[in-house]
Structures are given as structure tokens and as C-alpha cells.
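The whole structure should be built from the sequences, with the hints applied where relevant.
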Amino acid sequence: MKQLRLALLLLLTYFNASAQKVGVVFSGGGAKGLAHIGVLKALEENNIPVDYVVGTSMGGVVGAMYAAGYSPAQIEKIALGSNFQDWVSGKYDSKYRYFFQKKSESPSSFTLKLQIDTGFQAKFRSTIVGDIPLNFALIELYTQATVNAHNDFNKLFVPFRCIVADVFSQKAIDVDHGSLAEAIRGTITVPLVYRPIKVDGRYVFDGGLYNNFPVDVMKQDFKPDYIIGANVSSKTFTDYPKDDEKLMGRSLLYMFLSKSDSTSIGKNGIYIQPDLHEYSTTNFSPVAQMIKAGYDATIADMPRIKAHVTRRTDTAELEKRRTEFHQTESPIMFKNIIVTGVNYQQKRYIERIFHKDENQPVSLNDIKEGYYRLVTNDNFETIYPRIVYHAEDNSYDFAIDVKSSKNFKADIGGMVSSRPISTAYLGLQYDYVNRNSFTTALNLYSGRFYESVQATLRSDFPTRLPFYLEGEFTYNYWNYFNDNQISVERTNPLYISQSDRKVMLKAGIPVANNSKLEIQGGYINTGDEYSPNNTYQSGDTLDVSRFSAFKASISVEKNSLNRKQYASKGNHYYLGLQYFNGREYYQNGNILVGKTGYVPIAKFNTVRQWFTAKISQENYFYAKKHLSLGYLFEGVVSNKPLFRTYEESILSSPAFYPLQDSHTLILTNFRAPSYGAGGLKSVVTIEKNLEWRSEGYLFVPLHGIKRDNLQDASYTNILGVYKVAASTGLVYQTFLGPISLNFNYYDDEQKRYGVMFHAGFLIFNKRALE
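Going left to right, the sequence shown walks through residues -19 to -1, 1 to 751 as mature numbering (1 follows the signal peptide of the UniProt record, and there is no 0) numbers them.
Hint data in this document are derived by calculation from the structure and do not stem from the laboratory.
Take every hint as true, because none was put in to throw you off.
Below, simulated DSBU-like cross-link-like pairs (lysine-lysine); rule was C-alpha separation at most 30 Å, straight line:
1. Lys545 with Lys94
2. Lys287 with Lys248
3. Lys83 with Lys349
4. Lys747 with Lys390
5. Lys72 with Lys539
6. Lys349 with Lys487
7. Lys532 with Lys487
8. Lys687 with Lys576
9. Lys58 with Lys669
10. Lys94 with Lys384
11. Lys349 with Lys606
12. Lys72 with Lys349
Label pairs and their computed distance ranges (CB to CB):
13. Ala372 with Lys605: 39 to 47 Å
14. Lys136 with Thr421: 49 to 57 Å
15. Thr516 with Thr421: 42 to 50 Å
16. Asp256 with Tyr411: 51 to 59 Å
17. Glu86 with Pro172: 29 to 37 Å
18. Asp157 with Glu298: 24 to 32 Å
19. Ala594 with Leu173: 50 to 58 Å
20. Lys349 with Lys605: 24 to 32 Å
21. Asn375 with Lys349: 19 to 27 Å
22. Leu661 with Pro312: 37 to 45 Å
This one's a predicted model, so the numbers in the text were calculated from it and none came from an experiment.
Positions of the beta carbon are idealized from the N, C-alpha and C atoms, including for glycine.
Structure representation (C-alpha cells):
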């Protein structure tokens, strides 16, 4: 009889253990939610079953990945990868920046967008972080699991719920069906950080607004026998700010997140609170440390968990279940492109971007390429992608909700410097989309050193091989009469002013995502006024040289640099051939009158024509968290003739611009018709946005240019004496642009040593001869 009772007791214990269900609840808490990965890691290592998952915000992201069939090790690998940092910061891999559609770089610091037909109402961007890479990453992470579960969250690898907030009804909604990617995008939509999206026809925000620790949803929907609740939010009933400064420093947290109640789990469960007091809700960088904090906290409570959860999972069986869940996966191909939110002509334009061949299925890679082509188009502001699955025929459609951008844009920027080269910048742009995309732009530079106006009209054609046509007019003026005594950095005086004009027609086609082939042709005119011996006094008249010509060029350019100035990773490559055919004009001034050996030159003009081939590359071949190493190489070969005077031969020759301020100097020793140049760059990251940059370069002219007599020019021997340029200093990257303090050296008479400070971008319109 005793043996029978013992057998019945063991049998009852076995069935109770077998039936015992465990639910895991993950709170929101921003970046701290990465600690949930450590919780899952500890549970699986100790064979604790996870039968249900409910999560809010970042807890929803981690919980959804587990529910989608990712193992804790796979989730950890994704979180530690560089792509994850790009998703949460709004940056995306430079290979998807689609350089073909990118407009010329400008010193713009911020943008105002206006709608012309609504009374010129200026509007700043309403979100802090761009969602372009995040939206597509969620599709790639979760779509296949959604399809495998047939849009039913109960049929995922682990049944799952996530919480979103309907701010209009002021209710928390637990999402149990539909697109897993959309549900997760909704639960992480922190107000003012990300754009809101619609889930089941309702605009939703971060679920943490109304239910940041959804234990109640777990109990209501799944009724588990035991609940493991992990809370990473510091906003709890027991945590209250002790002073005003702490309250203000965490105002967003206290405004947007509901409190987490540690008592809501009850006696049939355990509450885990990882020690994350050293970490911020907005800093996603210390991934490994926060995962470890979640792991350590769970391991510390493991004896209590094991005491209450007698059931164990078999590792081999768990992996078998994951494999079976993923076995239904097949490559996703799209039958239709569904565009909403725009007019008919704009819809046709967008559809032509995505379709490579009519009536042919489109792959996910094709969709990704088209998506990033679209987001680089200034005509569209809100672009939200969806994948629609049709269970009846196991087919997919790609749906994209698009909102036209404010069609008028004003870019404002400039640069302030310790040298007298400070410049203000205003860029105006108007965009219009019909069957093709049209952009007209005007930019203006104003300063004591540099003035410029540029007008462009561009049309993009989204044909099978996309191409653009662009017309450009540019006027540039540089004043090198340096008599500003306030300058921190001293340069030798120069009595030179330069101007140029160009009217060009351009055509371009893409060559892969980051490259383009461009041809252009048109008229250029340059005008230089200068002192032939670098002296000037009242009553002197300067020498004048002018060059008017037809210019034609063809070039291939690739750009994947991460910044428009002071890059730390990526690659920029240029290969081009230029042809000039025009006439040089020269008229002497009176500065050399009376000098020994001076022979007046009558008005002079002659035909000049030449070819120039140029290759250059800036590449960061080693880019890690705290150190980037790169190089810059440039080579020019030209049969450009010498001009009438030594000064004009120098001023019209190709120039090497190695350092940040090189474009603001006339460096005689770094100009030659043909040359080779190159050097190394080192970027050490001291803090998140603070870098110490060092650079060093050699310049070797194939033929240097030397002065003969008072005004004439001739070539030096083959392979002239090399020259050196170097710089070291600090650069702080702000959202308005870089702030830099550098010590510079040039092996040149114009400038040797100097200390230069500047805030803003040192970027100018291209010269006519460049």
C-alpha cells in the first residue's frame, strides 16, 4: 500500500511538473532593456522553460525576438553588432545611402521645411531620431516569424504579447495578432523620439506610457503557473527623486513611463531588478555590460526560481523545436508594390523605383535597395514600410505609406573661425514630384573672404536605369587681401582676389549604391587680380588674368564616408578626366613699373587647351570603437601649359588640399600641373563626440613651377622637391556641425605654423577649374 501511494505521488508530481507553465514579463526602460537578453540567457542555461512572453517597449523588442525563434545567443550577437547601434541612432549603413541621388555637400547646420501652399509655415523636425534604418530592420527581423505564425502571436515559437498605447483613448492595448514588426515598432514609439505609426488603424506610442510592466496582461491572457518578471525601469513605487536636479535630469522618463509595481507579480512568481543605476535609458553603447547585469541578477535569483519551477527543458529538444519553427521559411518574393499617402503621379514615380522588370516578382534585397533609394529623395518625408502576407496563396505584397515632404526647404549654416574666413550660408530648395522628380535649388554664401551664389535645376528619371539631368550656374569670389589683425592664426599677406563663373549641363547614372558616373559640359570663366611681387600700396593697380573656355568632363565617384567633414569611417573615391579649350587674357598693372628688368606687356590673349586626369581616394581601412586609421591618396596628370605670368600659372594649376583649411589658402608649394600626394590619418575617440585627429601628407610635383625674371614662369626638373603638411588637434561633433581646434603645419611660404579654431563646416562651392 505504501508503494502504491508513493507511485501515485510521484505520478502526480510528474504531471504537475509537466503541466507547469512559466511566463516571462519584460518591462520597458529604454536602453536598459538590453538587460533582458541576459535574463533569457540565464534562464536557458539553467533549462528553465519559457512558455509565454509579454513585453513593453525595449522589453517587447527582446521578448519578440525570443518569441520569433531567436536564441539568447543570437539576440546577444545582434545587439552587440554595429548595425544595432545604427538602428537606435537613426544612422544606416553607408552602402545604402545611394550617392547617386545625393546633392552636393553644403555647410548647412539645420533645416527649416515649409509648405508653400499653406502660407509658408516653418516647421522643425518633430522627431529626435530618424526611423529609416529601424523600420526596415524590424521587417528583416520579424517578418518571417509573422508569416510562419500566420499573423497569430499565439502560434509564434513562444506565444507573445506586446503593449502599445493609444494616446487618443488613453488606453494600453495588448497586441496579439498582425505584423510582429509593426507591433514592435508601435511599442517603442517614444513620443518626440520616433514618429507614431498605426497598428490596427490606431495611432500608437510606446506601451510604457500606460503599462510599463505588463504583469496583468500575462495573467489575463496566459494564466501561467509561475511568472518571472524583469523590471529595468528605475521608475518604481519605491524610487522617488530626492532633489530638483535629479527630477529635471530624468524628466522625460517620469513624463512618459508609467510606474512599475514590483508587487503585481504576487506569490507565484519572482521579481528581478538588475542593478543598472550606472546606465542611462538613452545610451545604447554599453550593450555587453547591461546584458551582464541582467544575467547576474537572474543567476542570483536562480535558486529561488528552481525551487518553484520544477519543470526543465531539454536543450536538444528546444533546438529541435526552433529548427522546426524555422523550417517553413522560404525566400520572400513580392507580387505587388502598394503605395499609399500620395497622389497618382507620385505613386507611379515610387512604383517605378521598386520595379526592375514589369510583372516579375521582387526580392527582399530589391525592396531594400528601392527603399533606401526612396528615403534619400528629398521629396518624401515620412516613409513607413510594411510587408503584407496573404495566407490563401502564400504570397506577399510590399506596402509603403508615404507622406510628401514640405516642398520648400531652407538650409541654414556657415562657419565661424579664428581666421578672417567666417562665412554665413543659406540654401533654398523647392521639390516637386510628378512622373519624375524635380528639384530647383539656390545657395548663397556671404563673408569677408568668400562670396558665392549657385542655382541648380535637376530632374531625376526613375527608369530601369535611373538617370538625372541637371543645369548649374555658379559664381564664386575669393578675397585674399588679409589685413584682419584679430586673427589668432597668422598668415603672410596676399594681394590676390579670384572670381569664376560656370554654366554647366550634367547627366548622371548610378554605379552601385554608393557610386555614380557623371558627364558634364559647359562654359567657364575665371578672373584673377594679383600683385606680381606680393606688395601693394595705395594707388597701385593689380595685374589681371582671365580665362574663358569650354569645359567637358567625365567622372566616377563613390562616397560612403560617415560625415561630410572630419570622417572617421567609410571610403571616398574619385576618378575623372577633364578637357579645357579656351582663351587666356592678360593685362599688366603698374606695380612693377620702374623695377629693374621690367618690360611692359601689351594686352595679351592666346588659345589654351589641355586635358587633366585625376584620381583620389580617402579610405578608413581600420575603424574600431576608439580608433580609426585611414589614408588619403591623390594623383593628377595634365598637359596644361604655363600661362603668361608666373602668378597665373600657379593660380590656374591643380592644387592639393590636404588639411581642413587648405581651400582657404593659396599654397604655392602644393600646386602643379601634375603631381602625386598622399598621407595617413589617425582618429582617436576620447569621448562619445570628442576626437583627437592627426594627419600627415607628402606632396611631390612631377614638374614644379618656378619664377623666371620678374613675371615669367618655367618648369623645374622632373620630380620636384617634396613638401610636407601636417595637423593635429581636437574635434567635437555637435548636431550643428564640428567644433575644431587644430595645430597646422604647411611647408609653404604663405603659411608655416598656425593654430586654427573653427565652428561649423569648411565647405565651399567647387571652383570652375576643379
